[in-house]
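Chemist: For reference, the chains in residue letters:
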Amino acid sequence: MHISIKEYQFLFEELVKRDFKKKYKRTILGMLWSILSPLMILVILTLIFSNFFSHNTEHYIIYLFTGQIIFNYYVESTMEGMNALSSNAHIFSKINIPKYLFLLSKNISSFINFILILIIYFLFVFIDGISFTWIFILLFYPIICLILMNIGIGLILSALFIFFKDIEYLYRLFTQIVMYGSAIFYNIDFLPSNIQYFFLLNPIYVCIKYIRTIIIQNTIPDIMIHLLLLLYSVILLILGIFIYKKYNYKFIYYI
Amino acid sequence: MEILNVENISIKYITGDLKSIGLKEYVLRKIKGNYIENEFYANKNITFSLNQGDMLGIIGTNGAGKSTLLKAISGIMLPCTGKIIRRGKIAAFLELASGFDGDLTVRENTYLRGALLGYTRFFMDQMYSNIISFSELEAFEDRPFKHLSSGMKSRLAFSIASMIQPDILILDEVLSVGDGAFRIKSEAKMKEIINSGTTTIFVSHSLQQIRTLCNKILWLDKGKQITFGSNVKEICDNYQQFLIKKK
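If you read the sequences in order, they're chains A and B. Sequential numbering from 650 applies to the first sequence in my numbering. Sequential numbering from 456 applies to the second sequence in my numbering.
So here's chain A without its partners, still in its complex pose (with noise of 0.2 Å):
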């Protein structure tokens, strides 16, 4: 994964605009979609859960989003990762060309995705009353984190895909367990602090904590915290390049 970038940068770029235009099917409202479904399950779960919560959590609409955007990027970005390489075996067997360029388009658009999300987060943030203070520059730590945990993922996913199709089953299953396990619209606070050390396994709820405690409490999650994301994505990102410069000329055979 070392080849010059420039020499790929044409057709990175066309990749890019394919899967982004693909992905809307170029329509306005294609795109207002995606951003409307989730502020949509936002409703719903505020809806639902404000009662049982909001009680014990403070801007506990700012608390369910953010986890809401965190863990749906997540999720998105890995479940079009993971189709990243089949649907493009047609191209890779026919055209000598670096396949993880195939993910890397997908995780953009995906990306963008998260931006136009968050831009509407933030509206919120500033409705909720939270002011904005310098720390919020910090915000770009646990997202960095997390795009390098999704190319990760997505790496090792999407050459698993081509081995076994039964993965996105399996990996949807996961995905679930994530989601409950990232304490999207409960608070840990009052569980025991032994169960509390266990959610910390979970990178996904470790960056959303990250990001809540910059938001909510407007301090700096402590040392911990910064290494544990920065372990989690390394470890994450050199497994997903390992599996794929051992297999990725073994695709060849699979598809």
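Hints are computed from structural coordinates only; laboratory data are not their basis. Keep in mind that a hint or two might mislead.
PhoX-like mimics (lysine-lysine), calculated; alpha carbons at most 20 Å apart, straight line [unchecked claim]:
(1) B:Lys679 <-> B:Lys701
(2) B:Lys688 <-> A:Lys895
(3) B:Lys538 <-> A:Lys895
(4) B:Lys679 <-> B:Lys538
(5) B:Lys467 <-> A:Lys899
(6) B:Lys499 <-> B:Lys467
(7) B:Lys701 <-> B:Lys677
(8) A:Lys814 <-> A:Lys899
(9) B:Lys677 <-> B:Lys467
(10) B:Lys544 <-> B:Lys644
(11) A:Lys666 <-> A:Lys655
(12) B:Lys544 <-> B:Lys646
(13) A:Lys899 <-> B:Lys538
(14) B:Lys646 <-> B:Lys679
(15) B:Lys677 <-> B:Lys499
(16) B:Lys677 <-> B:Lys702
(17) A:Lys671 <-> B:Lys601
(18) B:Lys544 <-> A:Lys743
(19) A:Lys666 <-> B:Lys601
(20) A:Lys814 <-> B:Lys646
(21) A:Lys743 <-> B:Lys467
(22) A:Lys899 <-> B:Lys499
(23) A:Lys672 <-> B:Lys601
(24) B:Lys646 <-> B:Lys677
(25) B:Lys688 <-> B:Lys671
(26) B:Lys538 <-> B:Lys467
(27) A:Lys814 <-> B:Lys479
(28) B:Lys538 <-> B:Lys499
(29) B:Lys544 <-> A:Lys670
(30) A:Lys674 <-> B:Lys646
(31) B:Lys467 <-> A:Lys894
(32) B:Lys467 <-> B:Lys679
(33) B:Lys701 <-> A:Lys655
(34) B:Lys677 <-> B:Lys700
Starting from the known structure of chain A, arrange chain B on it as the hints suggest.
Modeler: Just chain B, lined up with the frame of chain A:
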């Protein structure tokens, strides 16, 4: 000057239960011990080299390993032993019409294909109108690709791929595409590229074409190299004898 050197390469293919059985089935079969995976050599110990301007014809019956060899030369597959040294840019015409995207327009597909073939944006901007006029698709530029007929698709594919002057040109049964008039035009274009000093590798079942075009010949059978040489006429005659005997 030596442009391509293929040194004692072997390429393995894997077949068997592996295709889309799923993880659950895979684990089950592994436990029961009836997971079957076969390896066979699509190419074994192939050795040849080409100089600038050579035109190599590859002959052999179905399953001889011709396409696999082309995939290895173009870098899509890796040989398990041996090595391939290429000097210069490779253009491979392998199943041209595949790999387009039906939802994108003709213009978008043209740029995408150009990018896939390793062209630069600058080059595409310059060549775009040439490509469209050569493929005679002026009226379809902004139409979705899926609205084109299959003849139009292969015309476009051919036009994009033939815009460059590669150092090594790989042709898998493609010399010309399309209907009457376009067939003549595309064949002339292809001959122009070939005659300009490009090293060409040409797979064909037409011995007639091989005899007239090629100066070197490689005969494969069931993955093995029967012979390689520049005595095209003699090898073609032997091959014809072999085909008759087989029947």
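Chemist: Now tell me if each hint is right for this structure.
Modeler: Hints and how they fare:
| no. | hint | result |
| --- | --- | --- |
| 1 | B:Lys679 <-> B:Lys701 | 17 Å, holds |
| 2 | B:Lys688 <-> A:Lys895 | 44 Å, violated |
| 3 | B:Lys538 <-> A:Lys895 | 19 Å, holds |
| 4 | B:Lys679 <-> B:Lys538 | 16 Å, holds |
| 5 | B:Lys467 <-> A:Lys899 | 10 Å, holds |
| 6 | B:Lys499 <-> B:Lys467 | 8 Å, holds |
| 7 | B:Lys701 <-> B:Lys677 | 14 Å, holds |
| 8 | A:Lys814 <-> A:Lys899 | 16 Å, holds |
| 9 | B:Lys677 <-> B:Lys467 | 13 Å, holds |
| 10 | B:Lys544 <-> B:Lys644 | 19 Å, holds |
| 11 | A:Lys666 <-> A:Lys655 | 17 Å, holds |
| 12 | B:Lys544 <-> B:Lys646 | 18 Å, holds |
| 13 | A:Lys899 <-> B:Lys538 | 18 Å, holds |
| 14 | B:Lys646 <-> B:Lys679 | 30 Å, violated |
| 15 | B:Lys677 <-> B:Lys499 | 9 Å, holds |
| 16 | B:Lys677 <-> B:Lys702 | 17 Å, holds |
| 17 | A:Lys671 <-> B:Lys601 | 14 Å, holds |
| 18 | B:Lys544 <-> A:Lys743 | 16 Å, holds |
| 19 | A:Lys666 <-> B:Lys601 | 18 Å, holds |
| 20 | A:Lys814 <-> B:Lys646 | 44 Å, violated |
| 21 | A:Lys743 <-> B:Lys467 | 18 Å, holds |
| 22 | A:Lys899 <-> B:Lys499 | 18 Å, holds |
| 23 | A:Lys672 <-> B:Lys601 | 17 Å, holds |
| 24 | B:Lys646 <-> B:Lys677 | 30 Å, violated |
| 25 | B:Lys688 <-> B:Lys671 | 10 Å, holds |
| 26 | B:Lys538 <-> B:Lys467 | 14 Å, holds |
| 27 | A:Lys814 <-> B:Lys479 | 10 Å, holds |
| 28 | B:Lys538 <-> B:Lys499 | 12 Å, holds |
| 29 | B:Lys544 <-> A:Lys670 | 31 Å, violated |
| 30 | A:Lys674 <-> B:Lys646 | 41 Å, violated |
| 31 | B:Lys467 <-> A:Lys894 | 18 Å, holds |
| 32 | B:Lys467 <-> B:Lys679 | 12 Å, holds |
| 33 | B:Lys701 <-> A:Lys655 | 52 Å, violated |
| 34 | B:Lys677 <-> B:Lys700 | 16 Å, holds |
Consistency with the previously given hints fails for numbers 2, 14, 20, 24, 29, 30, 33, ordered from lowest to highest.
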